[in-house]
Structures are given as C-alpha cells and as structure tokens.
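Here is what each chain is made of, one letter per residue.
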Amino acid sequence: MGYPGYCDGLACGMVIGLPPLLHFGKLELQKRFVPDILAGRKRYHYI
Amino acid sequence: MLEKYGPKYIIGTIEGEKAATITRNAGHLSQVPYAEASAWQPAYRSPYYTDSHKKFKVALRTFFDQVVIPEARENDKEGDYPSADVYQKSGEFGLLASRIGPGAWLKGRNLPGGVKAEEFDYFHELIAHEEMVL
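Heads up: the protein sequence lines correspond to chains A and B, in order.
For the first sequence, position 5 matches number 5 in the working numbering, and the numbering has no gaps at all.
So the number in the working numbering is just where the residue sits in the second sequence, counting from 1, plus 1000.
Bear in mind the hints are in silico, worked out from the structure with no lab data behind them.
Predicted, not measured: the structure shown is a model, and the values here were computed from it.
One or more hints might be untrue.
Claimed, not checked - Computed cross-link-like contacts, DSSO-like style, restricted to lysine-lysine with a CA-CA straight-line distance of at most 27 Å:
{"hint": "1", "chain 1": "B", "residue 1": "Lys1008", "chain 2": "B", "residue 2": "Lys1055"}
{"hint": "2", "chain 1": "B", "residue 1": "Lys1107", "chain 2": "A", "residue 2": "Lys26"}
{"hint": "3", "chain 1": "B", "residue 1": "Lys1089", "chain 2": "A", "residue 2": "Lys31"}
{"hint": "4", "chain 1": "B", "residue 1": "Lys1077", "chain 2": "B", "residue 2": "Lys1055"}
So here's chain A without its partners, still in its complex pose (with noise of 0.2 Å):
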C-alpha cells in the first residue's frame, strides 16, 4: 500500500517486539500476553 506511515503503525511495534517473548519468554509471560496481542484485542505500541 502506498501509506507508508500507516503501515508502520498497523502492528510494526509487535512484529519487532514479541519474536523475544516467544523465543526466550517465560511460559508464563507468553500464556498471558501473546494470545491476547495475536488475536488484536491488545495493542503493542513501540515509542
């Protein structure tokens, strides 16, 4: 699409930050946050 900004707002933060969580993440961090981040009901902003 030819809206870069937008783009980068429509869920960048999460591509970048959760691969950590999900590679080296306690279980227990991961069964509290990560179905709730892929299912979009939790956003995961990148300042």
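Given chain A, work out where chain B should sit, using these hints.
Relative to chain A, chain B alone:
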C-alpha cells in the same frame, strides 16, 4: 478513483464498447508483465510458491483492499493511528499472527486463505510482509 466517484458521475456507456482500462477489483493480482513478481502470472511457475501460497496472497489482498486501504487513505492525511476496529479485524483474520512466522504459537489460530498452522512456511510470512508494504 473510479470506484469512489464513478457511481455519482458516470451517467451511461457507449453501446458495444469494451472498456480500455483495467478495473482493479479487490484481490486483483496485476497481469502486467513485471509489475509484480512473475511467480504470480499464470504462465510462470516458481519453485518456492505453491497453490497454498497463491490462495494466501489473494485472500490477504482482498482483505487489504476492502478493509485497510479505505481507512489508510483518511488516516494518512491526519497522521492518526490505525483504529482499534481495523486492528482487531486484522487480528481475527490472522494477519497479525502470520507476520510473526511459523512456530508453536500458531496452533489453533485461524490464518488467511485457509492455510493450516502446520503447513505455514517462511514463504507465507514473506508474502504477508510483502502484501503489507506493496
């Protein structure tokens, strides 16, 4: 442009005329040579992409054309965040999950184009990123 203003301004067509422009429907993969990667043209075959990849790509493209782009046009002028509605829809559709990549966290999620979690590939993830940006 034609989709947005067409119904208001087009009052008629010439009889027997065939449209010279190609209308871009939702889910349209361009047939112009070299406009997109040649793997998606019907005459070519790529060793990396299977039918499941093509269904995935078409499903993602219809989703973007119908849901995301109308809102992106408005929001880009103001610089707003994507609304929670679009974000949630993309989560249910499986777009967010497919951008992370294959792994154990995909089990039981519904993914676009009817792709199953076991056959999810790095190429599917590549297509998801590609559709997002291009």
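These are the hints, each one checked on the structure:
no. : hint                   : verdict
1   : B:Lys1008 to B:Lys1055 : violated (34 Å)
2   : B:Lys1107 to A:Lys26   : holds (18 Å)
3   : B:Lys1089 to A:Lys31   : holds (22 Å)
4   : B:Lys1077 to B:Lys1055 : violated (32 Å)
The earlier numbered hints that this structure contradicts are 1 and 4.
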